[in-house]
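Chain residues, written in single-letter form:
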Amino acid sequence: MFDTALNANDLIFLAKGAGMTLVVTAISVFFGTVLGIVFGVFRYQVGPWWAAPLTFVLDVFRSIPLLIQLVLANAFVTTVLGIRISGFTVACGVLSLYTAAYCAEIVRGGIESVPLTLRRAARSLGLSWRQDMTNIVMPLATRVALPSWIGLALGVMKDSALVYIVQVVELLKSTQILITRLQEPLFLLMVCGAFYFLISFPIARFGGYLEKRWSHD
Amino acid sequence: MIEIQNVRKSFGSLEVLKGIDLTVAKGEVLTIIGGSGSGKSTLLTCINGLEPIDSGKILVDGTEVHAKATDLNKLRQKIGIVFQQWNAFPHLTVLENVMLAPRKVLGIPKARAEEIAVKQLTHVGLADKLGVYPTRMSGGQQQRMAIARALAMSPDYMLFDEVTSALDPQLVGEVLDTLRMLASEGMTMICVTHEMKFAREVSDRVAFFHKGVMAEIAPPAELFGAPKDPELQKFLAATH
Amino acid sequence: MFNYNFRWNQALNSLPQMLEGALVTIEIALLSMLIGIAVAILLTVFRLSGNRILSAIATTWVEIARNTPALFQIYMVHFGLGGFGIHLSPFLSLLIGIAFNNAGYLAENFRGALKAIPDTQARAARSLGMSAGKAFRHVVMPQMLRISFLPMTNQMVWAILMTSLGAVVAMNTDLYGVTSELNARTFRTFELFAIAAVIFYVITKAITLSARVLAARLFRY
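Chains as they are written, first to last, in UniProt numbering: chain A, 1 to 217; chain B, 1 to 240; chain C, 1 to 221.
Just so you know, these hints were derived from the structure itself, not from any lab.
C-beta: ideal position from N, C-alpha, C; glycine also.
Please note that the accuracy of each hint is not assured.
[Claimed, not checked] To give an idea of the interface, some chain C residues facing chain A are shown, with a C-beta separation under 7 Å as derived from the structure:
1) Trp-8
2) Gln-10
3) Leu-12
4) Asn-67
5) Pro-69
6) Phe-72
7) Met-76
8) Gly-80
9) Gly-83
10) Ile-86
11) Trp-158
12) Ser-164
13) Thr-189
14) Phe-193
15) Ala-206
[To be verified] Going by beta-carbon spacing under 10 Å, a handful of chain A positions derived as facing chain C:
16) Met-157
17) Tyr-164
18) Gln-167
19) Gln-176
20) Ile-177
Based on the provided sequences and hints, a complete structural model is requested.
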């Protein structure tokens, strides 16, 4: 069907790239979410005034290109601190913090969406702050936050394409390497694009479905 | 003259207009009363072509509203309609709201359009609100602006769809006064309303709609004084 | 601890060049937004038209733009078209790539904004005799743009950040590209990119703040 010079080794090469994309995404989303929840709850509890330094730092992560964040982090650790570290670690570290910055906002928004009256009712029944958080706030906040979080996770997968700059060979870079060798840009790019699309589109649609369902309750 | 001939309309499986025959002469004021779901508002939106009909004909000055060849945009210049929700354009001032259609539909130059708008706004008593944004006015004021907006197009016919139903009681009076004024100036009007007193005073004829049928139509003295239709009798008893 | 000699002076000498690069960055972002908004309005009209083919085109554009990396889109424009024999300059590839991405996200924002406008607005406009086109242009679209103002601002910030992706098409006149070239010559990676980061931060903050001021001025109601 497709007259291509692509052979089995090339496909394996691409598959490895895809695998790398997924691994980097998964690790970053996991740590980023955990950190994001911590930061988000902290910012909510402590109030805008005290949380200002944290807010500022998180805001910086969203105001500088990810590419530069990766280059800077890499340069800082390897040349300034002189520590030998793999590009993979830098990539995961930076992406995790980047994810955490966005996630903190989502978490904070989720918590704030829970009406205070509900929480007062819970505390009046004798529930402790922690019980209130776990049994009342988190479930409700999650409903509000989940669609946005899904969007964030998909965004991280798309942004993972940038980690090539710290020598991590993910899918897009693998595709580019093959293009240089095989000179079939269009076909290879279609395959690459299809991978992202086929993962992102259904999950995004699902997120939209959840949003609709939960907004009617 | 507006002629409605054997008009039928359904929404899905629900038939809301079951063969309406009605003629409204130039200069006449017709009020339509009836319970909710009787089809009165639907009839109005059919007259200006916003809603299609399933069978029958509606003719405005001889032009068939739902014929394929009819230029609805042109037809709507002749028919002004004011809805229960005034639908003020929130991004424009009161003056701009009223000037918009004359300028963009009729192509009237800005200065002249402004003159017309000011005239109509003064007519309805809003001369001091020209530069205000509608959201800052009361419902009654916004409704009067909607009336001025429709009048600015110099229509031959004005349709009013329960224009006071969404207003706080104390604001109803100012809008009804505006309608009374228009009637006395000879405008051809069809008003769907719950305001019985108003209907009695202002109309040339009153029509009673019940479940998609025009059950009775007569001058107000007759209709309110000696109602023939049993449903109408029940309706009047309940609303007095 | 630091076995590193910070050479800030050397890096700061390059500041004028970097600022020139910043101007190019802003230029690209601005152009890509103007194109993006225009296309997004067009796509919105396609979706509203009821025409199945036009609707499908709009949906395809939006879904591709939102479900694939921006980097991929820029790649596609530069190398994909290259496969057809169309060779664009790095500037154009970057611009078109970002504009494509912008159009997709903005069209989706517009769709959400339209949901917030009751369709009685369009009805009222049509009842005054306006054609569907005039009703959209004068009554619906202005409200849609106002509601979308904040998302559009965010998209502008994204556009600025996305210009750094010009790296893959050897773009060397924007802020990132300039910094990259300077780095290749002097190897002062940390200092140079740190300064670039600060410049980016200032630009994005300036945009968000001026947007807030603009909104207060424009949307007095």
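Do the hints match the structure? See the list:
1. Trp-8: violated (13 Å)
2. Gln-10: Check failed: Cβ of C:Gln-10 comes no nearer than 15 Å to chain A, outside 7 Å.
3. Leu-12: violated (17 Å)
4. Asn-67: With a closest approach of 4 Å, the C:Asn-67 hint holds.
5. Pro-69: holds (4 Å)
6. Phe-72: holds (6 Å)
7. Met-76: holds (6 Å)
8. Gly-80: holds (5 Å)
9. Gly-83: Result: holds, 4 Å to nearest chain A Cβ.
10. Ile-86: violated (11 Å)
11. Trp-158: violated (10 Å)
12. Ser-164: Hint on C:Ser-164: holds, closest Cβ of chain A at ~4 Å, below 7 Å.
13. Thr-189: It holds, given that the least Cβ distance between C:Thr-189 and chain A is near 4 Å, below 7 Å.
14. Phe-193: holds (5 Å)
15. Ala-206: At 11 Å from the nearest chain A Cβ, C:Ala-206 fails the 7 Å test, so the hint is violated.
16. Met-157: Status holds, d = 8 Å.
17. Tyr-164: holds (8 Å)
18. Gln-167: violated (14 Å)
19. Gln-176: OK, holds: A:Gln-176 within 10 Å of chain C, min 7 Å.
20. Ile-177: violated (12 Å)
Of the numbered hints given earlier, the model fails hints 1, 2, 3, 10, 11, 15, 18 and 20; all others are met.
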